[in-house]
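First to last, the protein sequences are chains X and P. For the record, in the first sequence the residue sitting at position 329 is 1359 according to my numbering, with numbers rising by one throughout. For the record, in the second sequence the residue sitting at position 12 is 1042 according to my numbering, with numbers rising by one throughout.
These are calculated hints, taken from the structure and not from any lab test. Worth double-checking, as some hints may not be accurate.
Pairs count within a copy or across copies, as identical chains cannot be separated in the list.
[Said to hold, decoys possible] Below, computed lysine to aspartate or glutamate pairings styled on DMTMM-like, alpha-carbon distance capped at 20 Å:
#: 1; residue 1: Lys1384; residue 2: Glu1134
#: 2; residue 1: Lys1371; residue 2: Asp1242
#: 3; residue 1: Lys1382; residue 2: Glu1128
#: 4; residue 1: Lys1260; residue 2: Asp1242
#: 5; residue 1: Lys1130; residue 2: Glu1347
#: 6; residue 1: Lys1382; residue 2: Asp1125
#: 7; residue 1: Lys1130; residue 2: Glu1386
#: 8; residue 1: Lys1156; residue 2: Glu1225
#: 9; residue 1: Lys1147; residue 2: Glu1205
Number of protein chains: 2
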Amino acid sequence: MKYPLYSFVRPYLMTRSLQPENQETPIQFIKTDTMDNRLFYRRNHFSYPTISHSNYWLPINGLVTTPKWFSMNEIVRLPSKTIKVVLECSGDKRDLFEPKVFGEQWGKGAISQGNWKGVSLRTLLKQVGMKDDAKQVVVEGYDNGKRTDLDTIHTYARGLPIDKALHPDTIIAYEYNNQPIPFKHGYPLRLIVPEWYAMASVKWIKQISIIDSNFSGPFQSIDYVYYPNKENDKNAFPVTTININSTIQKPLNMEVLNTGNHLIEGIAWTGKGYITKVEISTDNGETWLKTNLCQQPKEDYGWSSWVFEWSVSAKGEYSIMTKATDSYNRIQPTTPFWNRKGYGYNGIEIIKVKIE
Amino acid sequence: MKYPLYSFVRPYLMTRSLQPENQETPIQFIKTDTMDNRLFYRRNHFSYPTISHSNYWLPINGLVTTPKWFSMNEIVRLPSKTIKVVLECSGDKRDLFEPKVFGEQWGKGAISQGNWKGVSLRTLLKQVGMKDDAKQVVVEGYDNGKRTDLDTIHTYARGLPIDKALHPDTIIAYEYNNQPIPFKHGYPLRLIVPEWYAMASVKWIKQISIIDSNFSGPFQSIDYVYYPNKENDKNAFPVTTININSTIQKPLNMEVLNTGNHLIEGIAWTGKGYITKVEISTDNGETWLKTNLCQQPKEDYGWSSWVFEWSVSAKGEYSIMTKATDSYNRIQPTTPFWNRKGYGYNGIEIIKVKIE
Chain X
1031 MKYPLYSFVR PYLMTRSLQP ENQETPIQFI KTDTMDNRLF YRRNHFSYPT
1081 ISHSNYWLPI NGLVTTPKWF SMNEIVRLPS KTIKVVLECS GDKRDLFEPK
1131 VFGEQWGKGA ISQGNWKGVS LRTLLKQVGM KDDAKQVVVE GYDNGKRTDL
1181 DTIHTYARGL PIDKALHPDT IIAYEYNNQP IPFKHGYPLR LIVPEWYAMA
1231 SVKWIKQISI IDSNFSGPFQ SIDYVYYPNK ENDKNAFPVT TININSTIQK
1281 PLNMEVLNTG NHLIEGIAWT GKGYITKVEI STDNGETWLK TNLCQQPKED
1331 YGWSSWVFEW SVSAKGEYSI MTKATDSYNR IQPTTPFWNR KGYGYNGIEI
1381 IKVKIE
Chain P
1031 MKYPLYSFVR PYLMTRSLQP ENQETPIQFI KTDTMDNRLF YRRNHFSYPT
1081 ISHSNYWLPI NGLVTTPKWF SMNEIVRLPS KTIKVVLECS GDKRDLFEPK
1131 VFGEQWGKGA ISQGNWKGVS LRTLLKQVGM KDDAKQVVVE GYDNGKRTDL
1181 DTIHTYARGL PIDKALHPDT IIAYEYNNQP IPFKHGYPLR LIVPEWYAMA
1231 SVKWIKQISI IDSNFSGPFQ SIDYVYYPNK ENDKNAFPVT TININSTIQK
1281 PLNMEVLNTG NHLIEGIAWT GKGYITKVEI STDNGETWLK TNLCQQPKED
1331 YGWSSWVFEW SVSAKGEYSI MTKATDSYNR IQPTTPFWNR KGYGYNGIEI
1381 IKVKIE
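With the rest of the complex left out, here is chain X (with noise of 0.2 Å):
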């Protein structure tokens, strides 16, 4: 009896919290386009809720002519379309920011992406007709619970500019990677707001809304908000589009490698446009040469991946740096937007290496 079995070895999510449970994808070891969704990074605010699948319905009420409860199998007879998209989570990569900001210490890893199917919000916000004074769409989940810093208890919701509401790939969606949203995911609903930061894409829906003001729950007006100031709100504004942004996967920070060829490897993503160039430096930003980028398809959301030959015969220390620009011109900043809650990093990917 030989024993190869046992020796499988595979990456796991990184344990940030479990009550709820906030658990970061190992995006270091991700080779896949579509994560595997037990790698996918989990992100709660409260702990699980418990929903009813056989008695499920979808209610959109509000400020619309026909108020409706669409059943499942209705929405999965729509029109459907299946996209490619990367879920960030606002805070992914905190743990960058210098000064440190408090909060979960995610480090690269608060991003995932797949491809997600379902019908557009545009499709069903039609059947239901909104009014004229309608300004947002409020998509509320089924996860509830007591905030740390407010006595109440409240469900997570977002309210979606009417706008962003109606772009055809902003989507209702019930399957990842041709299934069934994964429980933790969002099943049986999920909303899919691509180019945003994750907070949008609200998961377990239990009712969408339509009001004709800004909405303002707590996770809109006082988290996913940018506080530009330690010690006061002045100047605060919504989070929202993805910033330009990549990760190197390879070499891992604070390797030791051996003179000789080595192939760095990363991702970078936008949430607009797409992905132009990657450029890389391993003299402390004096020079940039270009990667070799592999572009996603324009009409996906999805990361593109990257890959540099670097020759090294110098033993010594080094930094790797990264720099990725979209089509809108977006280049990452040697030094990020520094925000109280620490949302949004995005400054030039640095990993240090030694060669020996």
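Given chain X's structure and the hints, the job is docking chain P onto it.
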């Protein structure tokens, strides 16, 4: 149909590398004294070996009067003992060194413990009869491969001084927590050396040899050596006994808490004697208060849990520091001993929290 079934939440190992497999225990989330082997940290130097179980024999040779091959049946029939042992990788907490050191960036989770059952190495050595000029007992594993710094194939092997080898609690283990040792942790036989960092506890034992010199394999002469200088190997000395140490499990670093009472929880451990005291400071080290220590039985080599009830009424940012002391009066230092390869970090544990 309801879905509480899928809402089960558990921590996972944190992936440091896959080739070889190095995965860290989510130590902040471990609440038990004898850890589930699925959460036991994995530290490998090579890919997993292939071992024939049906034909497994343990040879002991070298400077002995009667070289012998022990069968598994023979070994399990000898007098056994079960001991609770902390295994800590000497690279545990490496990512905390300042200045940073190169190498795998282990956090606080390269440590695990549980019950190991086996026969004293001493018992086996008596059967083969060590000669008078015996100086070290070399234990070789089945794992081997190419090191990045050498061109030849090496086997993982370590030399143990005779006195440590003859200590009755240095055992050849065949069970972990009342089960055969899991393959990834050394099945069928693993050397367990209590009180020493875990590089001494060789997995998948292939052979034991008695020699009359100090063993000089690369895992003894290159790795697992403290190099106090960045640029040269002067004053180097071997890694052996586990340093006095402690870890805060709760709260998490950079966590945001309310005013009121909070339980601060953690563990402390040492390779010499036992833990006598764990102190805590919430005012940057000005005053220290004793935590409530749940001491391990003195015959065990496990960690001791501790807890402290913290009452905090003033909002603001706080450092929480812990400092353990052992029965040899070893105390965690403010500034740990920096060494180039980053072994044995045991600085006073510090985390930050914000009270809102």
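Okay, the hints, checked on the actual structure:
no.	hint	verdict
1	Lys1384 x Glu1134	between (30 Å within a copy, 12 Å between copies)
2	Lys1371 x Asp1242	neither (29 Å within a copy, 61 Å between copies)
3	Lys1382 x Glu1128	both (17 Å within a copy, 15 Å between copies)
4	Lys1260 x Asp1242	neither (33 Å within a copy, 64 Å between copies)
5	Lys1130 x Glu1347	between (25 Å within a copy, 12 Å between copies)
6	Lys1382 x Asp1125	both (17 Å within a copy, 13 Å between copies)
7	Lys1130 x Glu1386	between (32 Å within a copy, 17 Å between copies)
8	Lys1156 x Glu1225	neither (23 Å within a copy, 70 Å between copies)
9	Lys1147 x Glu1205	within (5 Å within a copy, 48 Å between copies)
The earlier numbered hints that this structure contradicts are 2, 4 and 8.
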